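Q: Produce the entire structure from the sequences given, and follow the hints as far as they go.
Chains as they are written, first to last, in the UniProt record's numbering: chain A, 1 to 84; chain B, 1 to 115; chain C, 1 to 518; chain D, 1 to 114.
FYI, nobody ran anything at the bench for these hints, they're computed from the structure. Quick caveat, the model's predicted, so the values are computed rather than measured. Ideal Cβ positions, reconstructed from N, Cα and C, are used throughout, including at glycine. Don't take each hint at face value.
Partial list, derived from the structure: chain A residues whose beta carbon lies under 8 Å from chain D [as the list claims (entries may be wrong)]:
1) A8
2) A30
3) F34
Calculated pairs, DSS-like style, for lysine-lysine (alpha carbon to alpha carbon, straight line, at most 25 Å) [as the list claims (entries may be wrong)]:
4) K164/C / K27/C
5) K100/D / K79/A
6) K60/B / K305/C
7) K25/D / K78/A
8) K79/A / K25/A
9) K100/D / K25/A
10) K391/C / K43/B
Here's the letter readout for the chains.
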Amino acid sequence: MIEIILHALILTGMMIAAILVFNFKDLVSAAVAFGLFSFLLAIEFYLLQAPDVAIAEAAIGAGLTTAAFMIAIRGTTKKEGDEA
Amino acid sequence: MDFTATLVTGTGFWNPIIWILAFLITFIVAYLIWRSGVSTYQKGTEQVKPYLSGNAEPDKNAVHIRGGNLYWGFTEGLKGYYSRLIPLHTGDLNDYMLWYFGVVIAVFALVVIFL
Amino acid sequence: MSQYAALLLAIPLIAAFAMPLFGLIGKKIRNSWAILTMLATVAAALILVWEVLTQGTIIYAFGAVDPSLTIPFDSGGVPIRILFVIDAMSAFMILTAAIMMFAATLYSISSESEQTGQDGYYALLFLLMAGIFGMVSTGDLFNFFVFLEINSLAGAALAAYRIKGGVAVEGGLKYAFISTVSGLFFLIAVGMLYGQYNSLNIAYIASVIDFTGLSLVAVVLMIVSLAMKSGSVPMHFWTPDTYSSAPSSITALLIVSSMASLYAIFRIAFSLFGLTMNVVTVGWVIIILGILSMFIGVSMALPQKDVKRLMAYHSVSQIGYMLVGLGVGLAVLGDQQMLAQFGVVAMEGGIFHIINYALYKGLLFLIAGAVIYRCGTANLNELGGLGHSMKWTMGFFIIAALAIAGIPPFNGFASKLMIYESVFVFNPFIAVIAMVVSIMTLASFVKVFHSMFMGPKLPQYETVKEVPMPMLIGMGLLAVLIILFGLFPDLVVNTLVEPAALALIDRSGYITSVMGGI
Amino acid sequence: MIEQIPYLAVILIAGIGIATILLKKNLIKMIMGLAIIEGAANLFLVTLGYREGGIAPIFTSAPGKEMVLPTVQAMTLTNIVIGFATTALLLAFAIMIYRKYGSVETNNIRRLRE
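A: Here it is, written out as structure tokens:
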């Protein structure tokens, strides 16, 4: 039972993080939300008995990809829309 | 290997060798006629210059018909078709993706309906 | 047992990753390395094709003691290794890719000789080729996805390689984005199949498949994703953008990669699902996509002003012919009598058109590249009178343009004739559309011919010379092949095309070749 | 029961990703949407291999108990790496586009059209 609740919590968290990525006008916040999404995904992988995938996702998804987004945002605009 | 065999398409056939031979013969006949020439033609005289009713020859760039002018009548005649078709190509990445997902849904609907 | 299947991947990969090292030593050495490895790859491909044509399907299991050992003794009758399954259809695609690789690499040696960053260029070119060879020869769905992604990434990076004021980056971005999304949905479809049948091997899945609702979703996702990758209407929008902004030799290879996606559609439709799904509906879906591609592609091509964009719309249009030919074959797959009467011929026409199309469209793009190389513009409103100074290029253009328009005796005619006649029996309406499209193709190439090569010698192109020898050799090879394929269509059909069509139809033969007669 | 929950989440998350791609005009945002779909696909694959009560497929913990399927995990690992490569390439394109066009909004990146 506790497992089901844990799964549900993490998956809901992922969905909320994804919706935050969709909603944030500020791209840096969106990138942070994406990092959160990847981190929760890594935990979900761990719960689904895939520890090696979880490590890779935490390192590449949450770490490298978020960093790549940050670099790209530094190189382009910080806000969504034309005002940048 | 038989190099002269014909390509059979079920309802017809196609033999390029015979076709080439026919073409060659026509070409040779045409060449012979062309070679006999016009007796009054002389190289390097006034004759070879372009004749424009005595007017001076315009600039080379003005003579050449540009690609954009060809088939102007065709696109003008089918204006109703082209004025709908060309604006679809918006160059907008969102639209490209919209078409992809649209086709996925459309094909899915088709396959489910005619299951 | 044949080791060439592994070499087909190994040589381009080694070549690609060693390219920057050789680039450090010197330009000449790097170019020689590129030519050498290209020749080695082409040689391996040709030997492999020869072996397949003489000995039948080749199976190569990676990492096995014996490469032909597909099912290990302790695996319970399931092939667990990554397999290469090279039947006649794959061999046909490998041959097409090898020819185009030869021409494009040779052409690049001089067309790119004054550009920067050539190490990366050749490395990506060989990666692209490795992706294409992998796609057409693998017998494993996930492996196919990996090669698809290698192919997309290398292709997109190459398309954007010459930045050209950002336009090329735009083309590359659109290609990369779209192919990544379609690749992801392909992966989800692969997951759906894995979830049901616990295997990734095409032949094994085909042997146990039981068409469920989930398989239906999977087949739709796969076919639409691959149709997008091959650039069929109404998902063709990226094609003109990417093809027109990429370097010309790369466009010739992007065509082969779209052919590889086309191959995958039919491998999935014929070998993986076959008669377990409703072939009539799926066949008609492919035919409808084909008709739309043919007609909308050519009608968009007519008013274009940029020569490469015009040719890119023609590639959309030509894809339609192959989709129609093979779609008709798929639609009548369940009916033995109709299949024998015209279905096989339609498929042969479609398959024959693949190699013809790759040859003449590749040649056309190389010619456009030659003109751009000398004149610096692709705008048809600015070009003119090049026939006076670029005689060889003009000759090649005439050959390619007549071939794409389906004028006898060039190769486009032979394959189009097969498609027309067989499709006419299936549905006369489609054949009429195909002929109208062919006429419009001729019309638009008359336009290109006139505005590029005809007219008086323009003062701004007074100094234009013929392109250098390696470019001419690359183009000349394709032109010679077009003429040969046009003169001996029967020979090509009998030795290459017919086995390929039969290999596609023969689903149980494909399964048996891997599963060993179970 | 546990096996079924993630599938629902996969559909919803992929839906959010698709919506991001279709509705957002900002390229960086669209690439984030792509990465979200990527995550959904990975979650889908790992969930496919999950068996209730199964343990991680590591050889040393082998005795007795049922294991989850290892193939999908290998596939997911591959896909994570491929996904990072595509994301990095697309972001590099986005930066390049910004330098040349001065914008990353898709309605400004339309020099190639018609």
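Q: Each hint needs a verdict: does it hold in this structure or not?
A: Outcome of the hint check:
Below 8 Å, beta-carbon pairs count as interface contacts, and A8/A has one with chain D at about 6 Å; its hint therefore holds. With 8 Å as the threshold, the beta carbon of A30/A comes within range of chain D, its nearest partner Cβ sitting at about 6 Å, so the hint holds. Here the hint on F34/A is kept, as its CB sits about 5 Å from the closest CB of chain D, short of 8 Å. The hinted pair formed by K164/C and K27/C meets the criterion: a straight-line CA distance of about 24 Å does not exceed 25 Å.
Pair hint K100/D plus K79/A holds up; C-alpha atoms about 18 Å apart against a cutoff of 25 Å. As the CA atoms of K60/B and K305/C are separated by approximately 20 Å, the hinted pair is consistent with the 25 Å bound. A C-alpha spacing of about 14 Å is found between K25/D and K78/A, which places the hinted pair at or below 25 Å, so the restraint holds. Between K79/A and K25/A the CA atoms are separated by roughly 6 Å; this keeps the pair inside 25 Å, and the hint holds.
The suggested pairing of K100/D with K25/A holds, with an alpha-carbon distance near 23 Å, which does not exceed 25 Å. A C-alpha spacing of about 23 Å is found between K391/C and K43/B, which places the hinted pair at or below 25 Å, so the restraint holds.
Violated hints for the displayed structure: none, as all numbered hints are satisfied.
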